[in-house]
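Sequences listed follow chains A and B, in order. Take the first sequence: its position 168, counted from the start at 1, is 886 in my numbering, and no numbers get skipped. Take the second sequence: its position 93, counted from the start at 1, is 163 in my numbering, and no numbers get skipped.
Hints may contain errors.
[Said to hold, decoys possible] To give an idea of the interface, some chain A residues facing chain B are shown, with a C-beta separation under 10 Å as derived from the structure:
1. Q860
2. I988
3. T1000
4. T1019
[What the hints assert, rightly or not] Straight-line C-alpha distance at most 30 Å; calculated DSS-like pairs for lysine-lysine:
5. A:K878 <-> A:K796
6. A:K949 <-> A:K1006
7. B:K115 <-> A:K834
8. A:K896 <-> A:K810
9. A:K896 <-> A:K840
10. A:K844 <-> B:K115
11. A:K844 <-> A:K893
12. B:K115 <-> A:K810
13. A:K969 <-> A:K1043
14. B:K142 <-> A:K1018
15. A:K896 <-> A:K949
16. A:K950 <-> A:K1006
[Unchecked claim] Calculated from the model, a selection of chain A residues having no Cβ within reach of chain B, i.e. all distances over 10 Å:
17. Q746
18. F748
19. I752
20. P767
21. V1001
22. A1025
23. G1037
24. F1042
25. K1046
If you are wondering where the hints come from, they were derived from the structure by calculation, not from laboratory data. Just so you know, even glycine gets a beta-carbon here, dropped at the ideal spot from N, CA and C.
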Amino acid sequence: MSLVPVTDLEASESAFRALKKRLSDGCQRFTRTIGWQGGNYEARVLWNPRERFWFVLDWADNGISFWCPFGRQDPHSKDMLSIAVQCNPPLKGINHRCAGAFLTDDSEVYLAHSGKIAGGRKGIGKTAFVNSYPHGNWREVQWPDGQESEMIVIGRVDGKRLPAHIGQFVRQVEKFKKAISTGKQQKVTVPAKSTYSPEFGGRKRGYRVPGNVESDCDHGLVVNALAEYLKKAAFGNVGNDRARDLYVLSKSGKLRFLFEAKTDLSTSSIYQGVGQLVYHSTVTPAAKRLLVLPGVPNAKTRAVLDAIGIDVLTYRLDGARPVFKNLKEVLT
Amino acid sequence: MFQAEVKLEFVRRYCPPGGGWHVLVDIDPSEEGRTGGERKSEMAKHRQHLMHEAAGRACQELESMGAEVGGKRTRWFTRYGLPAIEGDRDIVAFHKVRRVCVIAEAEGVSGGQPETKLYKAIGQIVVAASGVCPPGWRTTFVLVVHGREIADHLGRVTAFTRLGVSALSLSDTPQKDRWLFQDPLLPKLLFGEVRVKKAEKTAEAKT
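The shape of chain B in the complex, shown without the other chains (with noise of 0.2 Å):
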């Protein structure tokens, strides 16, 4: 799966629209292999159209599922009266029954290094768990891979739970998807079988 794709994938598993989530997603020119130049070789070339297209079909399906696929995204947070959060994130999802926030970046197959696009995307989940998270939300931060290499470097890092940030590998199939590691109550509150308590809202508020 390419990086768009995986995007693709864990909003249709894990946060989908017409589950009451409100989903943003960014999708970058480089996911579409529309940055980095002229592509010489036939099999960069080869590679550069299966992005392409690749990330052309995830926009289409996460449009018609209700998310929103870039545009501004100060207007998306306005339209909907959810709280702002700071920064270019992969994928942002609110459920506002069960005041969830989940904060995403994704990571596919690409040409690079599986291990450098990894710590970028460490880099950026780190710090937008740093940030002031929305009072009245419980916000969860989560790191989406795809592919064994890279879900094998990262399973390595468990102690990033103690950072509030959980770790999915994602697989070809919803059943074979495995969190590498996780907020103990990330799977329930996704899937609604916990909800935020007024009393924790408030108390979130205050602080």
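So that you can see chain A by itself, here it is in the shape it has in the complex (with noise of 0.2 Å):
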């Protein structure tokens, strides 16, 4: 299902107030200088600590949009800050140029972002971003003047896991441009060495399954902490690129381990994930295929995957911490 985006003042509002309340639940103020090229502002700055980034979140002096900057340092030993991203959705109506959106899909409401990156900067830009990116949560949008659009969506305005959600994202952003900064941005495509771009959320483009909109801005929740055990475990060489989730290469550069990651069970998701690990294990052979879904599926899909040579690795979420739960058993 398409998602819309939130036109109406009162309903615009009614999302900012929700995604201000999740959003400042746990958090620290500061009143800091915030600086972009050309000006600053003193404004009320709030520190998340335990995902690491400041926010403001307030209404923009234009009188056109909310005025939501996000950044990473941490303002307990900085006076001045400069932003890493803004979202900063229309307060109503139609406004192609705002980065930020308030989408809907008639029964919650999530916060997005066109990818639409700036920084002042040569190569920092939508599409640098777009390309960077291809594992982002990217959502059809149909507007009501007619246009579509993809926009990548952060989090359900009043979730749970929201502040994880927008923590990684703005990890992300930050993450493109010092890549671009320090000229490392580029693509891979092969696996003859591992390189692996965090995720803050969400799958490659497409279809999704409808009411999966929230859920599968945890794919990246789930593959960056995946990434993270791997690395910390020292499996090999950690990575992903556009097509795959996650991968390990052995120290010759073979592919030892390939991982799809899926946030539910549905026979959609996991026909999808089965066709994944085998398209792209035929490609490049792996030694190990491994399906990472968020619960055990029925007996007659686990003798099927069994069959077709497919493990499965499970985990639920604490808050927004995923916990696998057969990890060593199937990395042996």
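Starting from two chains that each stand alone, build the complex the way the hints lay out.
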């Protein structure tokens, strides 16, 4: 199901209030100067110590949009903060110039970003960010003016894991900007050398099962947690690319493990995961293929997966933290 | 071609009921544009309308050819004395004389990313191919796609033939259809140039 933007002022303000309430919980308050190219502004800043990002949620002076800048510098030690990314939804109506938006599927409201990243440096822009971030939770948006576009759904405005989803998104943008400024931005399509770009959430672009908009935002949490574990456990060179969620290369460069993560147990998701694992391991043979699922599939499905040589790694979310149940077992 | 039209053309060209095939086709509501909520943009509304029309036309033509569209699958297998095939496969076709069973998954034009749809179809056909084949029948699995992008993507995995899966890129005209990779015997089996021998039937039955 396509999402539509919230265009009504009252509904936008209600979404903004929900966002503010959810995001402010457990945050520390500071008064700091926020600087950007060509200006600065003293504002009340909130710092999320767990996810380690600051933010401001306010009405913009232009009277057109909300003002929602995010950054990663710790205000405990900085008086002047620089913005990593702004996600400013319009107050009302349609405004394609705003990078932020509140989107709805008729039941829930989500905070979304168009991928339009500003940074004042050559190479930082929407196209580069979109290309660098194929694993985002890209969703089709139908605009009342007849246009269709894709936006990254960051999280549900009143969702429990929203701070974690935003935290990952901000880190992703920061990493992208850093890569551009240091000239390290590169595309990797073959696992000759492993590279890993953290995800904030979501999967590759495409159809999603209705009702999974929010759970898809967890995808990045799961993949990132798994990547962290694999790196710490020194299983090999951990990487991901446009097509694959996660892979591990041996020292000799062979594909040891190939992972595909899903955030629900629907038949459609399982078929898709199987297709991805089979397809990519056919292109580059993998020693072990693992489908990462938020629970144990039924016996019949398990038998089929077993027959085609796909192992299942299960997880549950403890708050925003994925806990893998049989990780050691499946990696042996 | 939308997905329903791909199914129609595959049946018409490769396993027509008039050629002795018993054909069961599954067309789900999403192919008729009946899922996914209300379309808001004009483009989406137009696409939904086209899908709906195409699916209706395809169903009608399939039925007029003698194929069964939807309905109770178990009853259909029993009615024609055919072995039951598990799962909601897009197309199941049996040729009783040639003892050939074709199981196909089809993908056509859709609003989603072609890669995503393709992965799902691959998953379905791989799961189908891992199942128990009906004894006494030469069972073959086909992925049928329409569209250059999806065909190019699928063409990269020729190793699927090891799984007994073939892939066909369906074109607007039968002459331009292209097998991306295939079970070498498949075209001959489809067109009756090769029949499953009795000995093979017996051997398969024993397994």
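field: Broken hints, by number
entry: The structure breaks hints 8, 21 and 22; every other hint is satisfied.
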